[in-house]
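These are the residues of each chain, in order.
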Amino acid sequence: MGQITLTDVHKSFGSTVIIPKINLEIEDGEFVVFVGPSGCGKSTLLRLIAGLEDTSAGTISIDGRDVTQAAPAKRGLAMVFQSYALYPHMTVAKNIAFPLKMAGESPETIERKVQDAARVLNLTNYLERRPGQLSGGQRQRVAIGRAIVRNPSAFLFDEPLSNLDAALRGTMRLEISELHQQLKTTMIYVTHDQVEAMTMADKIVVLNAGNIEQVGSPLDLYRNPKNLFVAGFIGSPKMNLIEGAEADKRGAKTIGIRPEHLALSTDKGDWKGTVGVTERLGADTFVHVHANSLGTLNVRAGGEVQLDHGQTVFLTPDPAKLHRFGADGKAM
Amino acid sequence: MARSVTTGHKAIATAGAWIVALLIFFPILYTIITSFKSETEAIAGFDLIPSFTTESYAEVQSQYNYFKPFLNSVLLSVGSTVIALAIAIPAAWSMAFSPTRRTKDILMWMLSTKMMPAVAVLFPMYIIFRDLGLLDSRIGLMIMLTMINLPIVVWMLYTYFREIPGEILEAARMDGASLWNEIVYVLTPMAVPGIASTMLLNIILAWNEAFWTIRLTTTDAAPLTAFISSFSSPQGLFWAKLSAASTLAIAPILIMGWFSQKQLVRGLTFGAVK
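Residue numbers (this note's numbering), protein chains in the order written: chain H, 3 to 334; chain W, 2 to 275.
Think of the hints as simulated: they come from the structure by calculation, not from any bench. Take the hints with a grain of salt, since some may be wrong.
[Stated by the list, open to error] Over the 10 Å line for every Cβ pair with chain H, so calculated as not near, a few chain W residues: (1) ILE20; (2) LEU30; (3) VAL79; (4) THR101; (5) ILE107; (6) LEU108; (7) ASP137; (8) PHE162; (9) ASN182; (10) TYR186; (11) MET191; (12) SER233; (13) PHE260.
[Unchecked claim] Computed cross-link-like contacts, SDA-like style, restricted to lysine to any residue with a CA-CA straight-line distance of at most 20 Å: (14) LYS96(H) <-> ASN182(W); (15) LYS332(H) <-> ASN226(H); (16) LYS103(H) <-> ILE169(W); (17) LYS76(H) <-> LEU170(W); (18) LYS96(H) <-> PRO133(H); (19) LYS96(H) <-> ASP48(W); (20) LYS96(H) <-> PRO166(W).
Remember, it's a predicted structure, so these values are computed and weren't measured experimentally. Glycine included, each C-beta is placed from N, C-alpha and C at the ideal position.
With the sequences and hints as input, model every part of the structure.
What follows is the structure, encoded as structure tokens:
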């Protein structure tokens, strides 16, 4: 089991408020991603759940048990750190065995569990090595191994992939998702990378300045952002946000349209502009169109589209996919 | 662009390093050479080739008791190091892992005590030692040596502990380690190299300390530093014997330093480059 409930959780360091007040429900077995820009309080929130930081006010409960004052080890959670935080003087086997040894398990149980974890994570051939002799990806797997042997009620990941190169990040992303499918244990994952959030999460929690902006499934957030912040943060490339006359015409302060919801034509359309940079990704081409008072708009076109720099083009937004935001930044 | 280092530059740099090293080492070398001269040779003037007589050593051994000051030196340097580490490890630990707003000030204040000339407190210290009956006692000197080296020991350990990533200790806490387990299984093994080089350096500093060891002792607690200085006695200077005594005094620490040089260099440059 791993149901986690945060009730009116508040955290401040001295007079600096990091998290004003947060209420959040995490269901058992869910893969929840905390996403937001640097300094939005996502890591602090994770550390509060882990017990590595004291909660200034409010309660945290796991499976109905109030753990607000409990020591980290008493919460039944396991954490994977950004720096891996492996014990450099211990072999891989000893690293993985450490939490079991601390829990006073018998040597036979420890041996069996370490072997099991090593098999799941493809570490069997590296058990006698030290962390210094492993690659980044292998170290991360050892850190995960150390977490899974404890059979925790939830896993906490603090930006675990940010030290890896792009290719490895992609592979490890899949491995962690695969692990979640196998274990079906609650996972809370912190990242500033919205692609990681979109691809891995069952539920995304978007944080900004210590507040929850929106909670929902990846596609829910993508399709129905509740405010400008979520609209601008979720989605890659970003949603085009337009202010001024076009927005006024639609009775909004700001309108938003995603690159794939703009139709591109060389002869007619609603908005006129000239072609700037074109980014060819193979299957898709992203065209940056300078559309006078509307600013520069990013448009998704087919991989085969042929456009010259400076060429005049016309854009037509799909009215059904247009997002309208009021003066308070909230969706209308 | 990387700077290109030609073979010529390297040769000049190497030669320069050797010259500096020899200049620093020369007084020690000359002391050793002089110790193998006869007393007449020794006062005759500068000469690098001795007659290789061991008469000075024989005389030092027969007339003066080398073993007692040697034993005192060992006891004082090891004893003061043990006390200093016992105080400094918890101090540096708390400053490194739970710093407060005043931690930096405390560290600076501790270091500032090293900036004061020792002679400035000679009288008060002497009177305190006299009144407490600590003059010429090993325990008194051990306390003194601990006090003068403690700032450096705390600083060195603090620098070492700071290098241990906090996340590793947090990982240990998540893994269910109690504070005691954290110290035994995680922190100490990671800090052993640092503690070892701090220990070595402190032994050397304590072994070589001459100001207080000479002034606060007469016979019972006198270490090798006092033993050497006793050779510049009213009977006149006996260069060869003084050199023999000096060689005997520095030999143990020189040998120890030689075998532990790798550890020492690491200790002294730790934290300078990541």
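Okay, the hints, checked on the actual structure:
In this structure ILE20(W) is separated from chain H by more than 10 Å, as the shortest Cβ-Cβ distance comes to about 38 Å. With a cut of 10 Å on Cβ distances, LEU30(W) stays outside the contact zone with chain H, its closest approach being about 40 Å. No Cβ of chain H comes within 10 Å of the Cβ of VAL79(W); the nearest lies about 26 Å off, and the non-interface call holds. For THR101(W), the non-interface assignment is confirmed: its Cβ lies about 12 Å from the closest Cβ of chain H, beyond the 10 Å cut-off.
Annotated as non-interface, ILE107(W) keeps its C-beta farther than 10 Å from every C-beta of chain H; the closest such distance is 20 Å. At roughly 22 Å from the closest C-beta of chain H, the C-beta of LEU108(W) stays outside 10 Å, upholding its exclusion from the interface. Its beta-carbon lying about 45 Å from the closest one in chain H, ASP137(W) satisfies the requirement of being farther than 10 Å from that chain. Distance to chain H confirms PHE162(W) as a non-interface residue, since its nearest Cβ pair spans about 15 Å, more than 10 Å.
Listed as a non-interface residue, ASN182(W) fails to keep its Cβ farther than 10 Å from every Cβ of chain H; the least gap is roughly 6 Å. Remark: the non-interface label on TYR186(W) conflicts with the geometry, its nearest Cβ contact in chain H lying 7 Å away (cut-off 10 Å). With a least beta-carbon separation of about 6 Å from chain H, MET191(W) fails to lie farther than 10 Å from that chain, contradicting its non-interface assignment. Every beta carbon of chain H lies more than 10 Å from that of SER233(W), the smallest distance being close to 50 Å; the non-interface claim holds.
Non-interface call for PHE260(W) relative to chain H: holds, since the shortest CB-CB distance, roughly 23 Å, exceeds 10 Å. About 15 Å separates the Cα atoms of LYS96(H) and ASN182(W), which keeps this hinted pair within 20 Å; it holds. Straight-line distance between C-alpha atoms of LYS332(H) and ASN226(H) comes to about 11 Å, which keeps the hinted pair within the 20 Å bound. Between LYS103(H) and ILE169(W) the alpha-carbon distance is near 17 Å, which keeps this suggested pair within the 20 Å criterion.
Distance check on the hinted pair: LYS76(H) and LEU170(W) sit about 16 Å apart at the alpha-carbon level, within 20 Å; holds. Restraint check for LYS96(H) and PRO133(H): satisfied, since their Cα atoms lie roughly 11 Å apart, inside the 20 Å limit. For the given pair, LYS96(H) sits about 62 Å from ASP48(W) by alpha-carbon distance, which is inconsistent with the 20 Å threshold. For the hint pairing LYS96(H) with PRO166(W), the CA-to-CA distance comes to about 19 Å; that is within 20 Å, so the pair holds.
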